[in-house]
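Q: What follows is each chain in one-letter form.
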Amino acid sequence: MERPTRSAEELEAWLAEWYPPAYRTACMVLGDPAEAADAVQDAFLRLWRFRDAIPEGDGLRPWCYRVVVNACYSRARAEQRHRVRRHEEADPDHPAPGAGPEELAETAVRVEVVRRALAGLPDALRVPLVLRYYAGLTEREIALAIRRRPGTVKSRLYEARRLLAALPELAGLATQEEAAP
Amino acid sequence: MITDADLRRLLGDLGQATPLPEAGPEAVRQAILAAGPPASGASDRSRVPARAPRLLGRRPGGARVPGVTHRPALLVGLAGSGVAAALLAAALLMARHGTPSPPSGGTTSATASAPAPGVAPGVAEAAPGRVLSPSGHQTVLSPPAARAGRDLVTTGTAVVAVPRDRLSAGVARLEAITASLGGYVARSDVREQGPKAGGTVVVDVPASRFPTLTGATKRLGTLRSLTTSDQDVTGQVVDIGARLIALEGARSRLEALAGRAGSVSALLSVEDEITATQSEIDQLRGEQRTLAAQVADASLSVRLVTPPAPVAHPSGGFARAWHDAVAGFLAALRGLVAASGPLLFALLVAALAGLLAWGAGRRAWLAIRRRRL
Numbered sequence: 001m002e003r004p005t006r007s008a009e010e011l012e013a014w015l016a017e018w019y020p021p022a023y024r025t026a027c028m029v030l031g032d033p034a035e036a037a038d039a040v041q042d043a044f045l046r047l048w049r050f051r052d053a054i055p056e057g058d059g060l061r062p063w064c065y066r067v068v069v070n071a072c073y074s075r076a077r078a079e080q081r082h083r084v085r086r087h088e089e090a091d092p093d094h095p096a097p098g099a100g101p102e103e104l105a106e107t108a109v110r111v112e113v114v115r116r117a118l119a120g121l122p123d124a125l126r127v128p129l130v131l132r133y134y135a136g137l138t139e140r141e142i143a144l145a146i147r148r149r150p151g152t153v154k155s156r157l158y159e160a161r162r163l164l165a166a167l168p169e170l171a172g173l174a175t176q177e178e179a180a181p
Numbered sequence: 001m002i003t004d005a006d007l008r009r010l011l012g013d014l015g016q017a018t019p020l021p022e023a024g025p026e027a028v029r030q031a032i033l034a035a036g037p038p039a040s041g042a043s044d045r046s047r048v049p050a051r052a053p054r055l056l057g058r059r060p061g062g063a064r065v066p067g068v069t070h071r072p073a074l075l076v077g078l079a080g081s082g083v084a085a086a087l088l089a090a091a092l093l094m095a096r097h098g099t100p101s102p103p104s105g106g107t108t109s110a111t112a113s114a115p116a117p118g119v120a121p122g123v124a125e126a127a128p129g130r131v132l133s134p135s136g137h138q139t140v141l142s143p144p145a146a147r148a149g150r151d152l153v154t155t156g157t158a159v160v161a162v163p164r165d166r167l168s169a170g171v172a173r174l175e176a177i178t179a180s181l182g183g184y185v186a187r188s189d190v191r192e193q194g195p196k197a198g199g200t201v202v203v204d205v206p207a208s209r210f211p212t213l214t215g216a217t218k219r220l221g222t223l224r225s226l227t228t229s230d231q232d233v234t235g236q237v238v239d240i241g242a243r244l245i246a247l248e249g250a251r252s253r254l255e256a257l258a259g260r261a262g263s264v265s266a267l268l269s270v271e272d273e274i275t276a277t278q279s280e281i282d283q284l285r286g287e288q289r290t291l292a293a294q295v296a297d298a299s300l301s302v303r304l305v306t307p308p309a310p311v312a313h314p315s316g317g318f319a320r321a322w323h324d325a326v327a328g329f330l331a332a333l334r335g336l337v338a339a340s341g342p343l344l345f346a347l348l349v350a351a352l353a354g355l356l357a358w359g360a361g362r363r364a365w366l367a368i369r370r371r372r373l
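These protein sequence lines map, in sequence, to chains A and B.
For the first sequence, counting from 1, position 138 maps to 138 in my numbering; every step adds exactly one.
For the second sequence, counting from 1, position 327 maps to 327 in my numbering; every step adds exactly one.
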C-alpha cells in the first residue's frame, strides 16, 4: 500500500485501495455496518491529516489499522450501547467468481456461521484475530496496532483459535473443506 | 481442528460477502476535501526529533520505559491549559452575573465545527452564547433558556384531588394543557378503575411556561399541595464549558504534536492520547446536552388522588338485619378493646395495692405472734 500524497487526484486511488479492507475490518470489529462506516470516516480523516508524518515502509500498515481500531473503540464508547449484530445476507451482486447457485447458498451459510462466531468472541480476542487472518498483519504489526506486547498478541490469537475450534459448526466448516476434493 | 489457512479463508469469505456502503468512499472523500489542508507542521519533517518516544515514556511496541514519568510533556501542557481554563471560567462567571440571558425556547446542541479552509483560528467571531476556543471550535457555554443570568433546573410536585368519575377527564385535560404549552408527557402511571383509582403524571414544558402549567394544574380539581424548586446549575454549566475548551485545546496541541512525531511508535502513542481526549470531549458534550435539556424544560409531577369509594349498604329485610348485627358486634368489640386499656390499668393498680396490703398485714401478724411468745 502506498502512502497517499497531497495530490487530490491520488486521493481516489488511495480510497479505492484502502477503504474496502478498512471498512470490512471495522465491520468485523464492531458488528454494525452503520457504526463501521462512521468509524472508518473518522479514521480516514485522521489518516489524511497526518499522512505526511508517516514514514514509508513497514510502519504504514499497522499505523493505519491502529487508527481504524481506535476509531472503532471510540465509536463503541461514544454510543455506549450494546452492539447489535446485524446479520446481513451475502450480497448477490458480489458473488464468488464462477460460483453456481448451490455454491452461493453454501457461501451464505458459511459467512453467517463465521459472523456469529466472531460476534461471540470478546473484543480483546476478536480484534487481533481479524487483523491477523483478514488484514494479514504479522504478530509484531498487530502488537503495534493494538499497543500490546507481541507475546500478548500471540496468546490472544491462541485463545481466539481455541474458542473458535470449540464451536462445532465452525469446526464442521473446516472439516468440510478438508474433506472436499 | 481449525488451521490458519481455514481462518484466512473463512474471514476472507466474510469480508468478500460484506457489501461496501454505496456512498461510503464518496462521503469520506467529501469529508477529507471539506477538512482542508492538514495541521501546520505536519509536513516539516526536518524538525522531527530522532527518538521522540522517550518523551512519552514508551518504547516501540508499547512497552513502558521503566523510570520514565508517563506523559510528562502532556501533563505540563494540560496543567497549563487547566490554569487557563480556571481563569476563563472565573471571567465567564463574572460576566454572566451581570448579563441576563434572554429567555428562548428549544434545546441546545453543543456542536463544534472546524474553521473553514483558509480562515485562521481565532479570527472568526463566536456566535452569541458561545465561546471560541484556541482551535477555532465553538463551544456552547449556557443554553438559551437561562433566566436572569442563571441556569436553573426547575421541578415541581403537585397533589390534586379529583372526583372519581372525573379522573380520566382530568388526565386528558392535563395532557392537553401540556401539549398546548409546547411540552410533552414524560411518564403517566394512572389507574382509572378500582378502589385505588388515581396515579401520577409527569409532564415537561419549556421552563418559561412552567408558571402557566402550575396555574392550570390547580384548576384540575382541589389542590392539596404544590411544591416547586429551582436548582442552580450555573456552576456546572460553566465548568463543563471551560473543561471542553481546555480539552479541545489539548487535542489541538496533540494533533500538532502528532504532526512532528519522528517515528511510528511516537505517532501511535500520540494517537492514543488523541483518542482518549476525544472520548472525554464526547462525554462532556453529552453531559452538556443533558444539562441544557434539563434547564430548557421544567418538570412537574402531578399526583391525582380520588376520594375512597362509598360502601354499599343493603336496603332491608334479613340482609339488612344481618348487616346491622355484624356492625353492632364489631362496634361492641371495638368498645371492649378500647375499654380494656383503662380496665387493665385499674386491675394492675389494684393488684399492686393488694400486694402491699398483704405484705403489711403479714408483718403485723408475725409481730403479734412474737409478742405472744
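Careful, some of the hints might be misleading.
Here are the in silico distance ranges between beta carbons for each label pair [said to hold, decoys possible]: (1) E17/A / V185/B: 20 to 28 Å; (2) L167/A / D232/B: 55 to 63 Å; (3) A256/B / Y158/A: 36 to 44 Å; (4) E17/A / D189/B: 24 to 32 Å; (5) R149/A / E280/B: 39 to 47 Å; (6) L121/A / E287/B: 56 to 64 Å; (7) A16/A / A176/B: 53 to 61 Å; (8) R140/A / T3/B: 15 to 23 Å; (9) K154/A / E280/B: 26 to 34 Å; (10) A23/B / P168/A: 54 to 62 Å; (11) A16/A / T3/B: 29 to 37 Å; (12) A31/B / R149/A: 53 to 61 Å; (13) K154/A / G286/B: 34 to 42 Å.
Subject to a maximum C-alpha distance of 25 Å in a straight line, what follows is the list of computed DMTMM-like cross-link-like pairs (lysine to aspartate or glutamate) [claimed, not checked]: (14) K154/A / D13/B; (15) K154/A / E139/A; (16) K218/B / D165/B; (17) K218/B / D239/B; (18) K218/B / E192/B; (19) K154/A / D4/B; (20) K154/A / D272/B; (21) K154/A / D123/A; (22) K218/B / D230/B.
Far from chain A by the CB rule (all over 12 Å, computed), these chain B residues [said to hold, decoys possible]: (23) I2; (24) G12; (25) E26; (26) R164; (27) G182; (28) S208.
Hints listed in this document are in silico derivations from the structure and should not be mistaken for laboratory results.
We put the beta carbon where it would ideally sit given N, CA and C, even for glycine.
Q: Work down the list of hints and note, for each, if the structure agrees.
A: Do the hints match the structure? See the list:
1. E17/A / V185/B: 20 to 28 Å: 53 Å, violated
2. L167/A / D232/B: 55 to 63 Å: Given a distance of about 57 Å, which is inside 55 to 63 Å, the answer is holds.
3. A256/B / Y158/A: 36 to 44 Å: 40 Å, holds
4. E17/A / D189/B: 24 to 32 Å: Since the Cβ atoms of E17/A and D189/B sit about 58 Å apart, the hinted range of 24 to 32 Å is violated.
5. R149/A / E280/B: 39 to 47 Å: 27 Å, violated
6. L121/A / E287/B: 56 to 64 Å: At 33 Å between Cβs, range violated.
7. A16/A / A176/B: 53 to 61 Å: Taking Cβ atoms as reference, A16/A and A176/B lie about 58 Å apart, which means the hint holds.
8. R140/A / T3/B: 15 to 23 Å: For R140/A and T3/B the Cβ distance comes to about 21 Å; the hint holds.
9. K154/A / E280/B: 26 to 34 Å: Holds: the Cβ-Cβ distance is about 33 Å, inside 26 to 34 Å.
10. A23/B / P168/A: 54 to 62 Å: With a Cβ separation near 40 Å, A23/B and P168/A fall outside 54 to 62 Å, so the hint is violated.
11. A16/A / T3/B: 29 to 37 Å: Because 32 Å falls inside the window, the suggested range holds.
12. A31/B / R149/A: 53 to 61 Å: 35 Å, violated
13. K154/A / G286/B: 34 to 42 Å: Once the Cβ atoms are compared, 38 Å apart, the range 34 to 42 Å for G286/B and K154/A holds.
14. K154/A / D13/B: 24 Å, holds
15. K154/A / E139/A: 7 Å, holds
16. K218/B / D165/B: 18 Å, holds
17. K218/B / D239/B: 38 Å, violated
18. K218/B / E192/B: 20 Å, holds
19. K154/A / D4/B: With Cα atoms ~13 Å apart, K154/A and D4/B stay inside 25 Å; holds.
20. K154/A / D272/B: 22 Å, holds
21. K154/A / D123/A: 15 Å, holds
22. K218/B / D230/B: With Cα atoms ~20 Å apart, K218/B and D230/B stay inside 25 Å; holds.
23. I2: It is violated; I2/B is separated from chain A by about 5 Å at its closest Cβ, not greater than 12 Å.
24. G12: For G12/B, whose nearest Cβ neighbour in chain A is about 7 Å away, the distance does not exceed 12 Å, so it is violated.
25. E26: About 9 Å separates E26/B from the closest Cβ of chain A, which leaves it inside 12 Å; violated.
26. R164: Fine: 43 Å to the nearest Cβ keeps R164/B off the interface.
27. G182: G182/B is indeed farther than 12 Å from all Cβ atoms of chain A, at 30 Å.
28. S208: 32 Å, holds
Taken one by one, the earlier hints fail for this structure at numbers 1, 4, 5, 6, 10, 12, 17, 23, 24 and 25, listed in ascending order.
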